[in-house]
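Dock chain B against the given chain R, drawing on the hints supplied.
Protein chains in written order, with the working numbering: chain R, 1 to 304; chain B, 1 to 366.
Hint data in this document are derived by calculation from the structure and do not stem from the laboratory. This list has only true hints and no planted wrong ones.
Derived DSS-like pairs (lysine-lysine); straight-line CA-CA distance at most 25 Å:
| # | chain 1 | residue 1 | chain 2 | residue 2 |
| --- | --- | --- | --- | --- |
| 1 | R | K127 | B | K358 |
| 2 | R | K127 | B | K169 |
| 3 | R | K127 | B | K291 |
| 4 | R | K127 | B | K47 |
Derived CB-CB ranges, DEER-like:
| # | chain 1 | residue 1 | chain 2 | residue 2 | range |
| --- | --- | --- | --- | --- | --- |
| 5 | R | W85 | B | R131 | 49 to 57 Å |
| 6 | B | V89 | R | S272 | 35 to 43 Å |
| 7 | B | E217 | R | V65 | 30 to 38 Å |
| 8 | B | P107 | R | I108 | 25 to 33 Å |
Glycine included, C-beta positions come from ideal geometry on N, C-alpha and C.
In case you want the letters, here they are:
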Amino acid sequence: MASIIQQLINGLTLGSIYGLIAIGYTMVYGIIGMINFAHGDIYMVSAFIAVTCFTLLAAAGISSVPLALLIVLAVTVAFTSVFGWSVERTAYRPLRGSTRLAPLISSIGMSIFLQNMVQVTQGARVKSIPPIITGGIDLFTRDGFNVHLAYSQIIIVMVTVALMAVFTWLITQTSFGRQQRACEQDRTMAMLLGIDVDRTISLTFMIGAALAAVAGVLVTVYYGVIDFYIGFGAGIKAFTAAVLGGIGSLPGAMLGGLVIGLIEAFWAAYLSAEYKDVATFSILILVLMFRPNGLLGRPEVEKV
Amino acid sequence: MNNRFFAVACVAAFSVALSGVASADTLVAIAGPMSGQYASSGDQIRKGAEMAIADINAKGGVLGQKLDLVIGDDACDPKQAVAVANQMVNKKIAFMHGHWCSSSTIPASDVYNEANILMVTVSTNPKVTDRGLKNLFAIAGRDDQQGQVAGAYLAEKFKGKKIAVVDDKSAYGKGLADEIAKAMQAGKAAPAMRESITAGEKDYSGLVTKMKSAGIEVMAYGGYPAELALILRQAQQAGLKLTVMGGDTMSNADLVTAAGGNADNVLFTFGPDARKNPAAAAVVKKFRDAKIEPEGYVLYAYAAFQLFDQAAAKAGSLKFADLEKSMRAGKFNTVIGHIEFDAKGNSKAPAFVVYRWKGSQYDTVK
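Next up, chain R with everything else stripped away, as it sits in the complex (with noise of 0.2 Å):
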């Protein structure tokens, strides 16, 4: 009974990663029908810059937890955005108004070029960083276990939570908010209504960049190691989230994020570590095939 409060809790400090990056997937897809695989990438990249900033502040002696893990975030975010608003800028843009599989090539191609980018630059040894967060509560002891809920699992949760509620503020709200859906609904007619098409795509990569890199903040600090191919497998991930979520969907992204969390969690520790990919895929597959559109998704309606 113990363990599998426990298990919940470690489903959801993963699924609110997988989350965090689906939402990027699942915002570009909506309002340019594509998907982006650099994105994972986009996410390793911020994980690189989340650790070189961590690396900068031990060296200048700010000791303070809260204050470095905050100039980690923003500078982080600013660096991050800006990653993906050029990736946009160079590899998506040209390409707009061709076919539909243009720009998905070109997405592969600039994953490959991030990875291997970094891998020069950065060396492809594995890079690490002391425990910042240590520590956690005990909640309750039963059977002899004891559920142990560490603050740097308590921080993600929380972030997640709070970033959500911005960006859904963000979304149905704000006037870009509106802009960002106008696209999404019918281009065109946005553009004739005045939208400036191109700056609001630009942003909502950009806005995608940011939250891939608050989840690179979280992962560097929970996990402590990072390499230049964790774009691979959390991208993965992430977009199998996105699509059983329901791709286009924002909520969806989140939930299926939070569910393939919980299924990575829970099939490890009660069947076995060994097959939980093959878990993940196959209910993957099942929902897909009595709900094709995903648990949140809305059918797509071809407008004639």
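Below, chain B without anything else, positioned relative to chain R:
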């Protein structure tokens, strides 16, 4: 006139040819993970090989020929390993030290075998030598021996504790973990849990919680440092006190860095520490003077080239058939000690010893 001219031309051509032979370098090679997540072990091999070749060349080379090092990078990917092997065959290398990961060595060794290229490896999976390839010699022991030492140690020292056996599904990791489990069973301490993880992932909290709820206190791990470091971190975070027994790969200081500076609870099996071999003192000092700590595979790489040098000197030739005969029959003195090979190409003296990390150094434990 014509005749004399012909004679002069002949002599000239002959001497050119001779000097050409004398100054032509012999290509020797190393291959291993020069990039990728195991790159630091590839780095150890390179440092050892470079020093060995510099020393051999300083004393006049092998049979009067200077050695030139070619470096192959397989990133521990079996497909890339075969590509590297084919490149090496095209370059007509005389000797290969590698590969490092068993999963690379096994497919690559077939390529070298076909091309009759002598190789010395530190890979430890029993399949490396069990196939009976005539060109392959292993100097770092085998996982069945290693597993026996680790399993017997666990069964004796941690009697009555719950022990989990975990691997990373790689040829090396799973092979070693299976042998440890077998040896534990023989020592009447059956593993309480047998699990596999996926290498390259970051989240192992599921496994950690599973071990915690099963009351596991000791984990035997077959795999590489990057994943073990993550398990250690996540175990600590979850408040699980874990003693770990790993294999020879855990002799890499990357484990300590990646685990956040503390891996004092990690034991591992490895060949006898060559740094303490009195006969190696001069070479060890030379490495340290060059600011290289001769840990892990550095001295093994050095020894591999000493083997090649001595075998060639004994054979008096660089032909494969002669080299092979001389390797099989010979007794060699290297920095990792006295080496002889059995019929399968296993080193006869590969005793494994149990070590424990303490800070950033490791030392033997009783």
